[in-house]
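These protein sequence lines map, in sequence, to chains A and B.
First residue of the first sequence: 1, per the numbering used here; consecutive thereafter.
First residue of the second sequence: 824, per the numbering used here; consecutive thereafter.
Because the hints were derived from the structure by calculation, they are not lab data.
Careful, some of the hints might be misleading.
[Claimed, not checked] In silico EDC-like cross-links for lysine to aspartate or glutamate, where the CA-CA straight-line distance does not exceed 20 Å:
1) K64/A x D84/A
2) K1007/B x E169/A
3) K1180/B x E456/A
4) K1014/B x E177/A
5) K1014/B x E42/A
6) K1007/B x E177/A
7) K134/A x E949/B
8) K134/A x E982/B
9) K1007/B x D402/A
10) K1007/B x E171/A
Keep in mind that this is a model prediction, so the values were computed, not measured.
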Amino acid sequence: MSKNAKEITLVVDGVEVPATEGAMLVDAAKGGDVEIPVFCYEPKLGGPVGACRMCLVEVEGIPKLQTACSTPVRDGMVVYTQTDRVQEAQNAVVEFLLVNHPLDCPVCDKGGECPLQDISMGWGAGRSRVTDPKRHFRKPVPLSPLVRIDRERCILCYRCVRFSQEVAEDEQLQLLERGSRSFVGTFDDRPYIAPFHGNIIELCPVGALTSEAYRFRARPWEIEDAGSVCTLCPSQCNVKFTVRDERVARVLCRDNEEVDDGWLCDKGRFGFQMFHSEDRMLGPMVRAGGALGKASWDESLSKAAAGLKAAGPRTAVLIGSQASNEEGYLLQRIARQALGSPHVDSRGGQGLKRETAISLSRPDLGAAMTDIDDAESILVIGTDPLHSMPILDLRLRKAMRDRGTRVAVVSERPTALDGGAEETLRYAPGDAATVLSNLAAELASSAGGEGGEDAERIAGALDPGNTVVIFGERIGHGPDGERALAALLACADALNLSAPGSGLIEVPETTNARGLREAGCLPAAGPGFAETGEGMGAEAIRDALEAGELAGLILWDVDPIRDLPDPATWKTALGAADFVLEVGMFGNASGGQADVFLPAESHAEKEGTVTHPDGRIQRLRPSVPHPGDTRHGWQWLAELAFRLGHETGIDSSVEALEAIAADVPFYAGLTHEEIGGTGIRWQERDEASAFPTAPSVQIRDTLSREITLGEERGDGEAASGSIRLGTYRDLWAYDVTERSPALRFLMPGQTLELSPADAERYEVSQGDQVNVRSNGHSLKATVAIRSRMRPGSGFLIEGLAEQGSNALAGAESVEIAKAEDPT
Amino acid sequence: MPETRVLFENLDEPGLATMDVYRRRGGYSAIETAFRSTDPDDLIFQIEESGLRGRGGAGFSMGKKGSFLPRGDMEKYLCCNADESEPGTFKDRELMFKNPHALIEGIAISALAVGATYAFIFIRGEYWEVADVLDAAVAEAYEAGYLGQNILGSGWRVELVVHRGAGAYICGEETALLDSLEGKRGNPRLKPPFPAIQGLYGGPTLINNVETLMNVPLIVSKGPEWFKGMGTEQSTGTKVVSVSGCVQRPGNYEIELGMPSREIIYDLAGGPAKGRKVKVWFPGGSSAPVLTGDDLDLPYSFEAMADAGSMLGSGAIIVGDDTVSVPELALRTARFYHHESCGKCTPCREGTNWTVKMLERVVRGEATPMDLDIISSVQENIIGNCLCVLGDAMAMPVGSMVKKFRSEFEEAIAEARDAAPGPIDVAGADEPPLVLGATG
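All chains, full assembly: derive it from the sequences and hints.
This is the structure in structure tokens:
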């Protein structure tokens, strides 16, 4: 809808209704409290199709009945939705829909929350004249391992097919056959495997598509809905938990156009099964006699306090994926104020410099998610949103599809967006700094051609002043990280990202990365990026632990051996620590080195706030009671601080947020009420003006021409016979996949991705088992040949429990050999 | 009254399908006039002035439709609907097969009139022989410079492609035709936007029937006044009528519109076999509400047929004599539309399916007269409520048959019930259930 749309008045059933010109009648009528029934209409799926004919209404001056879903309103339009003629048509459509619908409501999962039931009762004649046999299909067959389809119940509204073809663009679902013999299916009956396909269950207006994880587990009158936010990835989609008997039974979308556009990925939808995993730790544990044993909270907190007190300023805190702002804030407060240690990090690599952190969070540089919808061009650099922030992938697709937005993808690895992108560029793993420097040089030069051909190509697709730049956190990791971020900021400057509607969006490695940084979980910056003593980043913490310079460690929801580079050193480091406090849901993160283990909440139990990568502060609301002997994180952290002699004055989550708001100037005055159900971007509050200024990042030095760097390294030729190895975190390479039975089949095995040229060079083919060796480490992988891969690059998956690739991360000289045939 | 052979002039001359013979008979003279000396807007004006109405079924003024296309520099398209699939209709087949160049000439002139650069002939796949003839003629026309770049030095370009359909009736519906041409499943689109505004590949598109387009060169050569001189005030020109069914000389006849229907059926087509009389007839293809023997004196024109509650449609007269069972005819008609319904919209998908089931019961002797009320009501519920007119195309004839021949239906029900063996079985209980889809 254009921003200067005219306000008009129409008359619906004799009542004047104000509306925006061009809005669809079905939506405009709601303003007059008139509900027009629909089945196929769903604005999330794109334009109306007018297929179900449920929304027929009478419009004065038009002889035929019109579909309200596709009729734009005009000023003075007179509409009738209740006349005999309209009612006859509505009755008729309901009757037609039931000609082939089995009416097996008593045994149907959808019964009680079924639009077909509601509309049949509300707009149908109440009885059917159909006496003929209905069509029969084999009853529910798997459409995928997660979704069953009952084709007898299907009313052929096309919603699921439209989702597959026009939203997810996987194009797997089709309407097969024709007329009343049509049915929804896939080519050759193949399973519908796609990362967003669970949405079709929710789109289905009848019980034709049911969830493998929910069917027959609850009836609508036994359940309650609880709204919260999914923290399984940085998308932070708004969700509704379906709660039955104090357990989460299902996860649904809670539409928030500014966050998720009303979609969920399958991880968010089915990953709730992890909450009920048998392996979940539901109470505190304390090491006694060499082994961890159950203990009370009192005993565990005392032991934890004693251990931490002994380590004192030689304690480090590592905060991982799902910590809330409150938890992160209290952890850094314990470290800094109770223990006097500045060693707090929430990122995997070396510590982020304070000025860089400030520059990346600058409110004028921040784009909102909805800015993607209106941008002229988008640069995606160093990330594949499908894996790292899946819902973003759908939003980018929407922009390309609906508005023809030019997207340039610059990445190490082929991405899911390449197909629709205007330009793509592959760089060698770890070379983000070079690519960004070249691009910055190109964008800054008025004549063009300064940054080399590739940079010129990418720059040509971008529209300064009307661009959103989406970058992966990991471009800032590794030895060139700071340089890459400086070059990124130079690009931001040249692209005039401070203009309204433009900006940066970071795709972080962890869910609440932005919130944790703003709450003070960085070694060089306290809450609100306040200046603090210079602490150590994750890598330095590892080395200091190994060297005995640090003695204590708090691990919050982070598994260094699985997630961070150099697991071997981490193993030694953890063993060398005097005291390790581990917090997690599953108790396996410290390699068995924890002295005290405290159980973490799932995101359905948590109370607090998280900050979306675009700065939207969202509220986590406890949706189910605490299972076992688990507690709110903020609650026991405040208690631990107290036992360490530091009174926080925090006795509720409200006070925890108040404390953050008091310490973070640009969060000042923030309350739960203000955050509300859909969150609020802090950049849009007046308090954003309190954002700190910092010495600007030195970007000049990085703008030297570095075009030849990649070539000098010779990765294109690979004369040495080696490839540059990169790693990526697959969408499914997380413990939530292992812990949720429904998702387990998606857990990837270790895969070595190679370009066709390299595969030929190494004499391996698709599906071969190979040993990948480097730096004295070795792992087994299956070869996958990707045509859009850059020759000279190879990729492995991170985050796998076995054959983890973090041991090889950053390796430059890699040997690849076919595994010997076990026979 | 005899035939008025205008489109059919020289039609049976051997070799008319070739460039040489067609040109010798005055062919491609209109294209010379149009491209050398006529303003496109004037072409539209002439077509509109002639009163030429679409010959494919809807009878919409071609000139008016052409004037709906936006002017200006943009990619515009022309589609010739040669998907002639309406039961009883076989006129385009003969016209294209015997005189393809007249169609090409008509397309080139019409493309010029609306400013379309790309034109397509969407021909039903079963007409493979005709498509071969068209392909050859198109190649000749390219060679002679009547198609392609800079036609006759005018600077105008028209590219023409013959596209073979895949055998779905629905693809004769103009928007389904566009989807099919774009490579998608041939399902009708929501209108508006109409194709004249947003058609093929989103561009303004003129879609016309073969016969309509073939009239264009004649109008350009002889002038709209000449064309208007034939037919009635609202139905100008001639019409090729396909007569089939219970007649002694079935075939295509070109008549001046307004000719009494009786003369077409009896004088031209020879009427039913000796001793039989016309009981029921479709005046405009199987989608038209049926007329009876009492309606034979109606003039054969768009307006007279509409006044009689039917339509001239594609000009296909299907005649049933007194040996024809109307319930069987209704079932046959309904089955066709049920088979061809695309399934996108509810009333058509379910309505055609339900109607077939009810009519099958009528014929099998498992119905009651009450079912006739339900059949009638279902047809009324379909008409006007669908996404396209396919549903109406079944509901109108079937509804009219039940209405006009109700006593015959009632007798058929009674007879079939008497003849049915023993107690009535549940319909279809002895058939194996339809099982489709994945096993498991």
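Hint check results:
no.	hint	in the structure
1	K64/A x D84/A	holds (14 Å)
2	K1007/B x E169/A	holds (15 Å)
3	K1180/B x E456/A	violated (66 Å)
4	K1014/B x E177/A	violated (24 Å)
5	K1014/B x E42/A	holds (18 Å)
6	K1007/B x E177/A	holds (14 Å)
7	K134/A x E949/B	violated (33 Å)
8	K134/A x E982/B	violated (49 Å)
9	K1007/B x D402/A	holds (19 Å)
10	K1007/B x E171/A	holds (12 Å)
In this structure, the hints that do not hold are numbers 3, 4, 7 and 8, in rising order.
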